[in-house]
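Asks: Protein chains in written order, with the working numbering: chain A, 11 to 255; chain B, 14 to 306; chain C, 69 to 470; chain D, 3 to 321; chain E, 580 to 825.
Note that these hints are calculated values from the structure, not bench results. Please note that a few of the clues may not be correct.
Claimed, not checked - Each pair of labels, with its calculated beta carbon distance range:
1) E:G716 - D:W11: 34 to 40 angstroms
2) A:R125 - B:D153: 56 to 62 angstroms
3) A:H227 - D:L99: 39 to 45 angstroms
4) E:P643 - A:A146: 25 to 31 angstroms
5) B:F277 - C:N249: 50 to 56 angstroms
6) C:K222 - B:Q132: 45 to 51 angstroms
7) B:Y73 - C:A467: 35 to 41 angstroms
8) C:G459 - B:Y73: 35 to 41 angstroms
9) E:P643 - D:L99: 34 to 40 angstroms
To be verified - Listed next, the in silico DSS-like pairs over lysine-lysine satisfying Cα-Cα at most 30 angstroms (straight line):
10) A:K121 - B:K105
11) E:K718 - A:K28
12) C:K407 - C:K395
13) C:K247 - D:K311
14) C:K395 - C:K437
15) C:K239 - D:K311
16) C:K422 - C:K437
17) C:K407 - C:K276
18) D:K311 - A:K28
19) E:K745 - B:K105
This one's a predicted model, so the numbers in the text were calculated from it and none came from an experiment. Where a beta carbon is used, it is the ideal one built from N, C-alpha and C, also for glycine.
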Amino acid sequence: MALSLAINDLDADYGAVKALRGASLRVEAGETVALLGTNGNGKSTLMKCIAGLVRPQRGAISLTIDGAAHDLSRLSTEDIVELGVAMVPEGRRLFPRLTVLENLMLGAFRKAARRSIDRNLAIVFEAFPVLKERQAQLAGTMSGGQQQMLAIGRALMSSPRLLLVDEPSVGLSPLLVSQTITKIGELNQNLGLTVLMAEQNFNQAIRIASRGYIIVHGEIVVAAASVDELRGNDIVKRLYLGGAT
Amino acid sequence: MFSFDLLLDAVVIGVLLGCFYGAVSLGLSVSFGLLDVPHVAHPAFLVLASYAVYFLNEHYAVDPLVAGLLITPVFFLLGLVAYRLYYETFEKRGSDAAVRGIAFFFGVAFIIEVLIILQFGVDQRSVTADYIGRAWRLGDIRIPYRLLVAFAVATALTVLLTLYLSRTFMGRAIRAVAQDQEALRLMGANPIKIKQWAFGIATAVLGIAGALLIIVAPVDPTLDRAYIGRTFCVVVMAGLGSMGGTLVAAIILGVAETIVLTMFGASWAPAISFAMLLGVLAVRPQGLFGRRS
Amino acid sequence: ATPLGAKLVRAQQTPIRIGMSMPQTGGLAGGGKASLLGIEIWRDDVNAKGGLLGGRKIELVVYDDKSSASETPAIYSKLIDVDKVDLLFAPYATVPTAPIMPMVKQRGLLLMGNFSFQVNSKVGHDMWFNNAPWGPADSWATSFLDIGQRAGGKSMALLAADQEFAQNLAKTAREVAAKRNLPMVFDQAYPPNTVEFSSIIRALKAAKPDIVYIASYPPDSAGILRAVNEIGIGDNVKVFGGGMVGLQFGAVMENMGSLLNGVVNYNTWLPEKSMYFEGTKEFFDKYTKRAVEAKIDPLGYYLAPFGYASGQLIAQAINAVGSLEQKALAKYLRENTHKTIVGPIAFSPDGERKETAVLQAQFRGVVDKNMEQFRSSGKQVILFPENLKSGELIAPFEAARK
Amino acid sequence: MTRNSIAFWTGSTVFLVAVFVMTQVVGNQYPFFAGYVILQFIALAVAWSILGGYAGYVNFGTSAFFGVGVYAAVFLVKAFGAPLPLQILAGAAIGALMGFALGLLTLRMQGIFFSIATIALTIIIETTITNWRYVGGAAGIQIQRPAVTAPFDNYVQMLFFVQALLVVLAVAISRYIQNSWIGRGLQALRDDELAAECTGVPTLRLKLLACVISGALMCAVGAPAAMYLQYADPASAFNLNYSVTTLAMSLIGGTAHWSGPIIGAILLGTTQQLLTVTISSEVNVLVLGLMLVLFVVGAPEGIIGLIRKLRGDRKEGEV
Amino acid sequence: MTLSDTRSPLLRISSLTKRFGGFTALHDVSVDIRPGERFGLIGPNGSGKTTLINCISGAFRTEPGTVLFRDEDIALLQPHVRTRRGIARSFQIPRPFRSMTVAENLMVALDFAAHEHVSAAQRRDSMMSILDQMGLGPKANVSATQLSQVELRKMELARAMATHPKLLISDEAMAGLSSSEVDEVLDLLLSLASRDITIIMIEHIMQAVMRFSERVMCLDAGRIIAIGSPSEVMADQRVQEAYLGT
Ligand SMILES: Nc1ncnc2c1ncn2[C@@H]1O[C@H](COP(=O)(O)OP(=O)(O)OP(=O)(O)O)[C@@H](O)[C@H]1O
Ligand SMILES: Nc1ncnc2c1ncn2[C@@H]1O[C@H](COP(=O)(O)OP(=O)(O)OP(=O)(O)O)[C@@H](O)[C@H]1O
Ligand SMILES: CC(C)C[C@H](N)C(=O)O
Ligand SMILES: [Mg+2]
Ligand SMILES: [Mg+2]
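Could you put the whole structure together from the sequences, leaning on the hints where they help?
Replies: Structure follows, in structure tokens:
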């Protein structure tokens with residue numbers, strides 16, 4: 011299955027606030043790419059542009075699947091999801107008054123996913139056993155970390171080909187951070203999932219990412235072809251490796 | 014003077030009356046309970062449906078229940094249009110939709126009232142059918158067939174809606190849509206279309222409920238005002254959006270009302286049933302079957 | 069034309085303006101619209117004949133009071149102070165009329181009442197005249213209980229809507245029953261907007277009354293009758309009905325059909341021979357035509373002819389007095405008997421009819437789904453008053469329903 | 003006193019003086035009858051907004067408070083022949099109590115649950131009054147006005163002036179609340195009650211306070227209506243129209259500023275008075291319906307919001 | 580152990596239990612927090628940290644158990660009273676006053692919770708200085724709805740600080756921050772602590788917990804599994820298994 015995402019010269023703004031300026035990046039089939047950048051720099055905005063939740067002012071987002079190119083900047087979110095793009099949004103965005111299971115089932119709303127509900131559910135429960143235990147609990151009453159797992163699980167339910175993950179480690183315990191990141195890595199390996207992940211936890215991110223971008227004030231300032239190149243970058247040193255022990 | 018017979022009778026009639034209240038509230042349980050649309054024009058649509066049923070019954074001698082079924086597609090479309098209007102004018106623009114929506118729907122209700130008056134005049138109207146005006150003898154108790162019809166329709170609607178909302182993808186999406194629209198978008202569902210569809214269903218249900226309304230009692234153009242309190246109370250007492258809960262709450266209301274009506278001073282009936290509602294809310298602010306996080 | 073002639077023509081052309089509010093929306097709208105149509109037909113008749121006072125046309129100034137008491141003070145102030153109408157008619161029914169009674173009294177204005185009940189009893193305005201045939205307050209209950217007792221009734225049940233008019237009826241009924249030592253075995257007021265009457269009727273039936281007096285409002289009357297038919301009322305009931313508002317309206321009667329049979333209920337006008345007076349038939353010919361266009365009660369027996377009669381009363385007074393001087397008009401109305409399409413009318417000092425002309429009539433042989441049947445005589449047999457009587461009571465109630 | 007306050011109080015004084023002069027020189031009664039109704043709605047809308055606008059607790063029970071005011075007056079007149087000021091004071095006191103009770107009862111209810119509770123309350127109170135024979139019960143009651151007090155020579159003129167006083171009182175209170183810590187607290191609890199609590203806002207007490215003030219004002223406004231109508235019956239006194247109209251006026255005017263409800267009430271109240279004496283048929287209701295729809299659609303933040311936007315746009319343009 | 584041991588505890592929680600239906604989120608939790616202490620609270624997701632905070636701040640009623648603050652039982656007090664007595668908290672999932680600007684959000688706290696009577700001008704100053712410390716100065720007049728997730732979290736903390744608390748509870752205020760930003764916020768908390776404000780910090784970012792805390796407590800499934808100095812706790816076998824996973 012050939013899939014690639016190419017973003018070219020993207021501009022996006024919220025009224026007066028410019029969130030993206032001329033951002034470009036590529037994700038190839040089967041890759042895990044990290045998107046780094048301190049808060050407010052436009053990571054989420056970029057993710058939202060890909061998912062069709064924010065309309066860019068300029069630029070192209072093209073998703074090529076099996077040779078067919080789709081211009082995502084013209085498609086609605088629903089159509090983008092239909093193409094196999096799933097997103098784990100920042101802040102989880104669960105349906106708090108539905109049960110865990112119902113949240114997962116909604117993840118399978120997309121037509122292509124309805125056929126493989128059982129298989130996907132097994133994958134999710136295997137990855138996050140607590141979700142199986144708490145199937146009938148209302149999502150809104152789950153703890154912060156449990157909610158994060160549910161959000162990832164829900165995205166997996168749609169049998170995605172491209173997974174966009176916006177800060178999966180936020181609010182997770184160290185154990186879970188590494189587990190979650192590992193899980194995403196496994197998903198990438200086992201299911202051949204292509205992953206674009208915004209993440210602050212640099213050390214965790216580079217465990218599974220093969221390369222990464224750094225975004226500052228809406229501009230992609232670094233496009234590193236390898237993890238080492240990232241580690242050697244000045245900005246990374248200053249922002250992520252400075253105080254850390 | 015206490016009579017066991019009367020009490021039993023009151024309970025039976027109360028349950029059936031409650032089913033009727035349930036049937037006319039179910040649509041609201043979807044539109045308001047699930048979609049958060051403050052649909053105070055719900056009873057006005059209900060009365061409109063009754064008049065449509067009346068029209069078919071009067072001019073083409075269609076059985077009112079059949080007429081109710083016949084108009085559901087029309088009401089479904091009406092619901093689609095109504096929601097579109099509400100969406101374009103309120104939800105799309107965001108903030109404070111609920112409160113202004115109330116004023117909006119009051120306006121819509123007034124407009125519907127007047128349109129009915131202009132078309133049908135102010136006199137009350139009713140329909141004829143074999144089951145109206147006769148009763149089923151069950152030992153000492155006589156149960157009007159009208160109410161049995163209400164019972165059947167209400168239970169059928171409740172079961173159907175409950176199944177639809179919990180077993181189908183569309184149904185689950187309807188329940189999710191008021192909680193987080195953008196997230197629903199990420200599931201590949203268009204929240205606006207989902208809401209529109211749900212509103213269509215809520216309004217279609219009104220078609221049948223409107224038939225019940227005019228089967229149970231005659232209607233007049235301003236009857237809707239009497240039902241604003243009742244329907245909203247039922248939906249709220251149930252705790253927003255639970256179909257089974259709506260039916261149960263409605264039955265509680267119906268039984269309480271009937272018992273007070275027969276056993277104690279009839280004129281106190283509304284005070285008692287609404288006091289009960291207040292009591293329920295004071296103890297369980299989320300309603301009887303409400304789930305709040 | 070000479071200047072003098074021109075002036076004369078202009079004086080003739082100044083219309084006589086009659087102001088009123090009329091419920092055209094809200095709970096009383098059905099009656100209000102029919103009533104107004106009656107008045108309008110009168111206006112057109114008078115104008116067609118060249119008007120009053122040597123050629124002055126009648127002009128109506130009508131506002132909608134939404135069936136509410138809170139609207140009428142401002143409306144009548146507008147009529148008096150801004151529109152400066154020549155004469156005032158009251159709105160249909162008691163509630164909207166009540167707030168303007170003190171006002172017209174204070175200003176010394178004549179008010180032609182319209183179907184309100186005992187609205188002048190506390191105010192005591194001597195320029196008030198009610199067009200309705202009620203008469204003394206208790207005559208309503210008296211006539212119904214007379215019929216019931218004559219049929220052998222020894223106990224009574226009372227069911228009344230918890231609303232203004234029905235409660236007033238219920239009150240007089242209680243008084244009359246107490247005076248006659250008639251035991252009251254059931255006495256309930258049901259709240260407005262009651263949907264289902266089965267359980268109330270069941271409770272009423274359990275009390276085993278002989279006479280059942282119902283004072284209900286239009287939305288409820290049909291529900292009560294249906295419940296009676298479904299639940300049954302018991303064989304001991306001799307007469308049933310009395311004060312059910314709504315069973316006079318064509319649409320309701322058509323829909324109730326055979327359920328009506330046996331009910332003895334009040335009415336104001338019925339197509340029985342004894343009810344036709346000069347102009348009555350012509351009036352209904354016109355009414356029938358216009359009601360259809362206006363989507364108003366097609367029969368219009370209950371209110372419309374009395375609206376017309378209001379006009380006739382005032383017209384006769386104006387013709388007799390020769391001016392619009394209110395005191396003189398009132399004096400004339402009080403002291404004379406007037407011919408109208410609903411029969412001769414004479415007032416007692418409180419402005420109500422000297423004698424009651426409320427009919428008590430029993431529905432007979434009514435079939436389902438037929439409006440026209442009500443236009444022929446015999447469907448509602450008049451039992452009271454004696455002078456208009458057109459048949460005898462069939463009792464008990466169950467027997468009369470067959 | 004700030005510049006704003008001086009302007010406000012000057013304006014209020016000018017308004018009251020104008021109203022007073024009007025009662026002394028205008029002979030035609032109609033302006034007072036119609037004006038009274040408009041003033042009554044201004045006061046109601048302003049009072050409603052204290053709870054409904056600032057605190058976001060949408061009260062459907064305006065008619066309950068109004069009706070209780072009416073019947074408080076009826077009772078006092080019938081039992082003691084109490085004078086008008088006493089009727090109004092008693093109305094306010096009872097309204098405060100009622101607001102307090104409503105507040106206590108609905109402490110834990112939020113959003114639409116509160117609104118439904120107010121509907122329930124209205125029906126309970128109306129039923130109670132309907133069953134209270136002493137004040138006429140369902141049949142209603144006619145009451146006689148006493149002689150008018152100097153310097154007025156007509157009772158309705160006096161009522162008009164009294165209602166104007168109530169308007170100024172209501173507006174002054176509403177304005178004070180908006181500009182004080184109370185207003186900020188109410189706004190905070192409207193946004194998020196738990197967060198407000200944890201930021202130190204005594205949400206329950208503020209809600210109660212808003213209920214009490216709003217209730218007292220609405221009842222006080224209802225009290226003189228007994229003397230205005232000289233008649234009271236439950237169906238009219240507790241008419242749903244008071245609730246709907248008051249809500250509509252506040253929303254049409256805008257609830258973000260104390261002047262919103264005033265503008266809304268003047269606009270809608272005047273239109274209704276005009277319609278009553280012009281179109282005057284079911285089309286009247288149609289116009290009301292259309293107005294409601296058009297205004298909430300066309301001016302989402304109310305007229306106040308519209309004005310602000312226009313002004314804001316111009317300012318931006320100037321910069 | 581530090582000097583502050585001799586003083587009575589600022590916050591004393593004894594035998595606290597909290598149930599949701601049949602599920603027990605907190606099990607017989609007892610702990611003392613000393614005045615001026617920097618206290619770290621860790622534990623796996625769903626272990627009951629936020630629940631404990633909710634019990635302290637009054638968002639939840641506790642059934643068995645007592646909460647003493649400055650030797651007074653506060654278990655029955657409403658949240659705003661607790662806030663006024665000096666307990667402030669930030670919410671893990673931000674709860675801004677949406678109809679207000681950032682500045683107004685803080686003004687609510689200053690209006691209602693700040694005890695001393697100060698002039699309006701002083702309040703503005705105090706508000707601006709808090710905003711500046713949090714790096715939110717430029718956003719003072721921006722509507723709260725326009726903030727990004729992280730800015731919202733900062734505002735949560737700023738609003739809590741504006742109540743001038745004696746005890747500040749920060750629930751994952753640093754989640755999602757880059758390490759340089761974590762350092763910024765950490766410095767801020769440390770400087771607050773140096774002004775004798777007691778701080779309970781919930782955080783999953785270990786470097787922050789280590790650097791900040793004088794004492795750390797680890798919850799698991801509603802029970803305390805370890806409490807002590809940061810290094811002790813980190814070295815604890817059960818903490819490693821349940822939480823750190825290293
Ligand atoms: N809905 C919005 N309206 C206005 N401005 C917004 C909105 N959402 C985000 N912004 C602004 O856009 C800029 C980029 O935000 P974005 O959420 O993309 O950043 P981010 O890199 O994901 O940051 P974080 O780490 O905080 O999640 C920020 O300055 C933010 O304040
Ligand atoms: N209102 C509630 N109803 C039912 N269960 C609840 C409720 N609130 C919390 N819980 C449960 O209580 C447990 C403790 O939750 P809490 O939010 O305290 O965890 P936490 O330690 O803060 O976790 P995290 O680090 O993920 O935020 C969780 O299992 C959660 O699902
Ligand atoms: C509708 C009717 C009951 C009106 C009644 N005639 C009255 O005076 O109020
Ligand atoms: Mg982000
Ligand atoms: Mg937590």
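Asks: Hints first: check each against the structure and report whether it holds.
Replies: Hint check results:
no., hint, result
1, E:G716 - D:W11: 34 to 40 angstroms, "37 angstroms, holds"
2, A:R125 - B:D153: 56 to 62 angstroms, "58 angstroms, holds"
3, A:H227 - D:L99: 39 to 45 angstroms, "59 angstroms, violated"
4, E:P643 - A:A146: 25 to 31 angstroms, "27 angstroms, holds"
5, B:F277 - C:N249: 50 to 56 angstroms, "27 angstroms, violated"
6, C:K222 - B:Q132: 45 to 51 angstroms, "50 angstroms, holds"
7, B:Y73 - C:A467: 35 to 41 angstroms, "37 angstroms, holds"
8, C:G459 - B:Y73: 35 to 41 angstroms, "38 angstroms, holds"
9, E:P643 - D:L99: 34 to 40 angstroms, "38 angstroms, holds"
10, A:K121 - B:K105, "27 angstroms, holds"
11, E:K718 - A:K28, "15 angstroms, holds"
12, C:K407 - C:K395, "21 angstroms, holds"
13, C:K247 - D:K311, "72 angstroms, violated"
14, C:K395 - C:K437, "50 angstroms, violated"
15, C:K239 - D:K311, "60 angstroms, violated"
16, C:K422 - C:K437, "38 angstroms, violated"
17, C:K407 - C:K276, "45 angstroms, violated"
18, D:K311 - A:K28, "23 angstroms, holds"
19, E:K745 - B:K105, "44 angstroms, violated"
Violated hints for the displayed structure, listed by number in ascending order: 3, 5, 13, 14, 15, 16, 17, 19.
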